[in-house]
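Chemist: Just so you know, the protein sequences line up as chains A and B, in that order. When the count follows my numbering, it moves up by one through the first sequence with no breaks and lands on 593 for the last residue. When the count follows my numbering, it moves up by one through the second sequence with no breaks and lands on 593 for the last residue.
There is no bait here: all hints are sound.
Identical copies go unnamed one by one, so any copy, or any two together, can satisfy a pair.
The calculated SDA-like cross-link candidates involving lysine to any residue, where the alpha carbons are at most 25 Å apart (straight line), are: (1) K533 - I464; (2) K541 - L382; (3) K196 - L382; (4) K533 - T500; (5) K533 - A390.
Everything labelled a hint here was simulated from the structure, so no lab data went into it.
Protein chains: 2
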Amino acid sequence: MNRYFPILTWAPGYDRRTLAADLIAAVIVTVMLIPQSLAYALLAGLPAEVGLYASIAPLLIYAVFGTSRTLAVGPVAVASLMTAVAVGEVAARGTPEYLGAAILLAVMSGLMLLAMGVLRLGFLANFLSHPVIAGFITAAGLLIAASQVKHILGVRAEGETLVDLIPSLAGHLPDTNPVTLVIGAVATAFLFWARKGLKAALLRAGLREGWAAPLARTGPVLAIVGTSLAAWGFDLGAQGVALVGDIPRGLPVPTLPPLDPALWQALAVPALLISIVGYVETVSVAQTLAARRRQRIDPDQELVALGASNLGAGLSGGFPVTGGFARSVVNFDAGAQTPAAGAFTAVGMALAVMFLTPALYFLPTATLAATIIVAVLGLVDLRALPRTWAYSRPDAAAMAATIALTLAVGVEAGIVAGVALSLALHLWRTSRPHVAVVGQVQGTEHFRNVERHEVVTAPHVLTIRVDESLYFPNARFLEDLIAARTAADPAVTDVILMATAVNEIDASALESLEAINARLRDAGMRLHLSEVKGPVMDRLKRSHLLDDLTGRVFLTQYDAFAALAPDLARATRDRDRCETARPWPRPAGRVGR
Amino acid sequence: MNRYFPILTWAPGYDRRTLAADLIAAVIVTVMLIPQSLAYALLAGLPAEVGLYASIAPLLIYAVFGTSRTLAVGPVAVASLMTAVAVGEVAARGTPEYLGAAILLAVMSGLMLLAMGVLRLGFLANFLSHPVIAGFITAAGLLIAASQVKHILGVRAEGETLVDLIPSLAGHLPDTNPVTLVIGAVATAFLFWARKGLKAALLRAGLREGWAAPLARTGPVLAIVGTSLAAWGFDLGAQGVALVGDIPRGLPVPTLPPLDPALWQALAVPALLISIVGYVETVSVAQTLAARRRQRIDPDQELVALGASNLGAGLSGGFPVTGGFARSVVNFDAGAQTPAAGAFTAVGMALAVMFLTPALYFLPTATLAATIIVAVLGLVDLRALPRTWAYSRPDAAAMAATIALTLAVGVEAGIVAGVALSLALHLWRTSRPHVAVVGQVQGTEHFRNVERHEVVTAPHVLTIRVDESLYFPNARFLEDLIAARTAADPAVTDVILMATAVNEIDASALESLEAINARLRDAGMRLHLSEVKGPVMDRLKRSHLLDDLTGRVFLTQYDAFAALAPDLARATRDRDRCETARPWPRPAGRVGR
Numbered sequence: 001m002n003r004y005f006p007i008l009t010w011a012p013g014y015d016r017r018t019l020a021a022d023l024i025a026a027v028i029v030t031v032m033l034i035p036q037s038l039a040y041a042l043l044a045g046l047p048a049e050v051g052l053y054a055s056i057a058p059l060l061i062y063a064v065f066g067t068s069r070t071l072a073v074g075p076v077a078v079a080s081l082m083t084a085v086a087v088g089e090v091a092a093r094g095t096p097e098y099l100g101a102a103i104l105l106a107v108m109s110g111l112m113l114l115a116m117g118v119l120r121l122g123f124l125a126n127f128l129s130h131p132v133i134a135g136f137i138t139a140a141g142l143l144i145a146a147s148q149v150k151h152i153l154g155v156r157a158e159g160e161t162l163v164d165l166i167p168s169l170a171g172h173l174p175d176t177n178p179v180t181l182v183i184g185a186v187a188t189a190f191l192f193w194a195r196k197g198l199k200a201a202l203l204r205a206g207l208r209e210g211w212a213a214p215l216a217r218t219g220p221v222l223a224i225v226g227t228s229l230a231a232w233g234f235d236l237g238a239q240g241v242a243l244v245g246d247i248p249r250g251l252p253v254p255t256l257p258p259l260d261p262a263l264w265q266a267l268a269v270p271a272l273l274i275s276i277v278g279y280v281e282t283v284s285v286a287q288t289l290a291a292r293r294r295q296r297i298d299p300d301q302e303l304v305a306l307g308a309s310n311l312g313a314g315l316s317g318g319f320p321v322t323g324g325f326a327r328s329v330v331n332f333d334a335g336a337q338t339p340a341a342g343a344f345t346a347v348g349m350a351l352a353v354m355f356l357t358p359a360l361y362f363l364p365t366a367t368l369a370a371t372i373i374v375a376v377l378g379l380v381d382l383r384a385l386p387r388t389w390a391y392s393r394p395d396a397a398a399m400a401a402t403i404a405l406t407l408a409v410g411v412e413a414g415i416v417a418g419v420a421l422s423l424a425l426h427l428w429r430t431s432r433p434h435v436a437v438v439g440q441v442q443g444t445e446h447f448r449n450v451e452r453h454e455v456v457t458a459p460h461v462l463t464i465r466v467d468e469s470l471y472f473p474n475a476r477f478l479e480d481l482i483a484a485r486t487a488a489d490p491a492v493t494d495v496i497l498m499a500t501a502v503n504e505i506d507a508s509a510l511e512s513l514e515a516i517n518a519r520l521r522d523a524g525m526r527l528h529l530s531e532v533k534g535p536v537m538d539r540l541k542r543s544h545l546l547d548d549l550t551g552r553v554f555l556t557q558y559d560a561f562a563a564l565a566p567d568l569a570r571a572t573r574d575r576d577r578c579e580t581a582r583p584w585p586r587p588a589g590r591v592g593r
Numbered sequence: 001m002n003r004y005f006p007i008l009t010w011a012p013g014y015d016r017r018t019l020a021a022d023l024i025a026a027v028i029v030t031v032m033l034i035p036q037s038l039a040y041a042l043l044a045g046l047p048a049e050v051g052l053y054a055s056i057a058p059l060l061i062y063a064v065f066g067t068s069r070t071l072a073v074g075p076v077a078v079a080s081l082m083t084a085v086a087v088g089e090v091a092a093r094g095t096p097e098y099l100g101a102a103i104l105l106a107v108m109s110g111l112m113l114l115a116m117g118v119l120r121l122g123f124l125a126n127f128l129s130h131p132v133i134a135g136f137i138t139a140a141g142l143l144i145a146a147s148q149v150k151h152i153l154g155v156r157a158e159g160e161t162l163v164d165l166i167p168s169l170a171g172h173l174p175d176t177n178p179v180t181l182v183i184g185a186v187a188t189a190f191l192f193w194a195r196k197g198l199k200a201a202l203l204r205a206g207l208r209e210g211w212a213a214p215l216a217r218t219g220p221v222l223a224i225v226g227t228s229l230a231a232w233g234f235d236l237g238a239q240g241v242a243l244v245g246d247i248p249r250g251l252p253v254p255t256l257p258p259l260d261p262a263l264w265q266a267l268a269v270p271a272l273l274i275s276i277v278g279y280v281e282t283v284s285v286a287q288t289l290a291a292r293r294r295q296r297i298d299p300d301q302e303l304v305a306l307g308a309s310n311l312g313a314g315l316s317g318g319f320p321v322t323g324g325f326a327r328s329v330v331n332f333d334a335g336a337q338t339p340a341a342g343a344f345t346a347v348g349m350a351l352a353v354m355f356l357t358p359a360l361y362f363l364p365t366a367t368l369a370a371t372i373i374v375a376v377l378g379l380v381d382l383r384a385l386p387r388t389w390a391y392s393r394p395d396a397a398a399m400a401a402t403i404a405l406t407l408a409v410g411v412e413a414g415i416v417a418g419v420a421l422s423l424a425l426h427l428w429r430t431s432r433p434h435v436a437v438v439g440q441v442q443g444t445e446h447f448r449n450v451e452r453h454e455v456v457t458a459p460h461v462l463t464i465r466v467d468e469s470l471y472f473p474n475a476r477f478l479e480d481l482i483a484a485r486t487a488a489d490p491a492v493t494d495v496i497l498m499a500t501a502v503n504e505i506d507a508s509a510l511e512s513l514e515a516i517n518a519r520l521r522d523a524g525m526r527l528h529l530s531e532v533k534g535p536v537m538d539r540l541k542r543s544h545l546l547d548d549l550t551g552r553v554f555l556t557q558y559d560a561f562a563a564l565a566p567d568l569a570r571a572t573r574d575r576d577r578c579e580t581a582r583p584w585p586r587p588a589g590r591v592g593r
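Isolated chain A, as found in the complex (with noise of 0.2 Å):
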């Protein structure tokens, strides 16, 4: 019960002073999270209420299913922006539609985050590696800040890569609206200034560094304050200045997801990159905060945790949510001790929806833009690239790939072409082993690549020592090796694997043994194997390749040696043994285990 519910661990022993540390964390995070939530849905081009409901439910179910003590859960920037290249994909912006998808979106996430929560397929996430994710957040966010643009100029414009938007921008550049332009520059270069300079004015201004570092984060607040201030004393509605007008009052009611198949099929990729790249960040930041304070989040639960959220956020009329990382940082910075902090959140969203929406009728959407835009280019870093390239050129290859494609034809291609392009590098990697021809050292019973080391090697025994495991991705490279090793020299007349390092033999590589085998028989050679481990060696028996083997199986590469070739095999190891100083140690194989 505990796995799946960690709200046990925690609420029994809940006290009066976690609880006014939650909740001073609450306040703080519910005033950072309605400007966010506003600007998110209108990222992803939903109505502004969609995205004060996906902070309400999911904030109350993490609480819940979460391991995570300080992670706030919610819509946030590249989720949303995958949300609107999804939903536009099959609906257009504005109508039902686009709602009813955004919504399915957010439904079938949670499930497909609950499945593999269930059945522990966390590893998946794993498919996405490092300079891929972080690639692809750079790009992304250079595309959300692209996609903003427009909102600060007051202009329409199209487009949902750089491609097809600077070309838009460029073309609606004399519709701009001076007085929006005015607005959001103002706003954008406040908020640039508030992420540096209010904490420093802040503690000039005499306040203690506790309340100037929270107090900090909330200059999205009095962005949107000012503005919407201005906006209802000046009337600037009426000079064409978008604003984001009605937004219904009231809780959200339970919603169902449209049930159409091809809608679910439409969405069914758009969906999986969410969860997966949703779950990447949310991992990586409770990851980060529990360990700060040295407690554990469990992987597995979080699947379980994030797909119930999203399952929540849909079922509530909202859109996908992830773990964000500022507004976890802020929460943690605050002093939250359990997840009940995040449930005090949600009840301070559902209040702000029941009452705080009229105030936001005159809140100008170019601030929603620029608090947006300033949020984002944070996640941009361009440095990454040559700094892996310095590293990995492989990596900085992936990297490369995935910002220019998700720039240039859209954030899906982009994801899965990095992807792609790591797995393949990583197959290429792993399909060369390491492989070294051995010779055996004088004066022991110890054997050592011969190109390495002065060792002794019988023409008509070619040993050869692979430094991994044998499966799909290098079985054909040792077919390879071994009929070029055999083509190469023709004294060769017996060939001996030794399995020092070989942790696991896959049914690929079996039957890449048993072609091996075959083929060597067939060119009157045999193959032995030595050093084979005991797991290794308890599944061969299964097979059929010991029965089949033309040669034998070794104990120690020793032994294989001093039968296909004795009178060297021992005097190798008897001469020079008085002379040598120290005692050679026996292989690695043989010790300990």
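Guided by the hints, dock chain B onto chain A, whose structure is given.
Modeler: Same frame as chain A, but now just chain B:
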């Protein structure tokens, strides 16, 4: 030059003896290839002459570019089925568009293989693990056999999956043409007998082994001659028996594929799948035959050769070709010495298309269907499934999924799902590398798994040995592991990562190590590294990890333990030293290299 034109390695030394051997093999293969070409064109839904065209240019081209001395390229069953499925998606059978799409498929497959060969991307074929390819071929064999039953019955039935085919066949059963059924059943029975019994009968008739073996392969020719004579003599065409009919005489003319971009896009995935499946089969056959004579093939050059052959097939009006197993074995057994045998076979096929086509007018399609059924049932190996299950359940699961999806949903779904599943299983396995917490063995400077050996550990020092390179599939595992271990044991202040088995740290794992380091620092702990290999260390020096590392990098694990728990480490090393009977080995990481 020799790499790209292997003909240069054998043509200069070509002599009369080799010529005689190659000519004999070419005659035998030609006799076998004529019915096969016609049958596989029928299977692909194409006019009979397209099969003949695909057996001319590709063979000439392979003789120039191929590295196998005995591989016989041409139309094969599985690629023909895949062609029928792919082309059936974009055009209706019997239309010029259908033929155009088949030609385009050969051209695209050729270009893809050529590109992979020039870029040396042969490792991509590793995506197809053995259980997936074996399952796919078994399922394809069943599908092909089922798809030919309609020709034996003389009915029209539709469907590209067993799920569609079987009800359709059952529905058309009343329309069965009895004469066609007799021809089909007799031909099938004869061919089944001929596979095993013809050689024995020839030997009993007094033929020498050397003649009986190749002649036994002429079963399909006998069936064709016999049923054609029957169809001609009894005028079976008038009784509703489907005949091959008119085949245009004359050599193929250069053909350009359709240049419609939408068609190229629609055929991209099928072309890739045909290329990779064909390549895997080609290399496997070529390697098996080359090994018997201790020859070598170059897998990357085989991509070039197969690509050029397919390009040639398309540009001469043919459809995709592959190295065929049965045909190559016949070529080998008949004594072919060089790829010139293939070129002579092409000449034989050219003569056939110029002079033999009128004789094929009366050939019943039921006979061709019988040759297909008998050929492909040899591909079906259902016992591979329990055999694989006994050896490895994940591999058997991948095989079963491939078979089930290929039969029920289609060839592309089957192979794509199989590849995805085996990649996922591979990631799952590598995402959980073997990891041990280690301690010092008494009387030594040696460290071993605490769960298997009596070792000494310090309460504040946690040493973790990872028996695997660190890269993206397992990067997050390490984060989770260290988070769990340090959260579980509040006494720990120092974590040592013992990197004896770490051959590589990719950018994802580097990022994980940086995150681990930062999280440990935030919780007041330090991260140390020990036994880092030289190349790995060189790379780490190009990153920020070493600058930010809270702990130190130690050359050996003993140095690390001695620095962090000096009294304990030295006491453990020195205690009982004199009592230890045998000298303890030093850790594997320190010797030899």
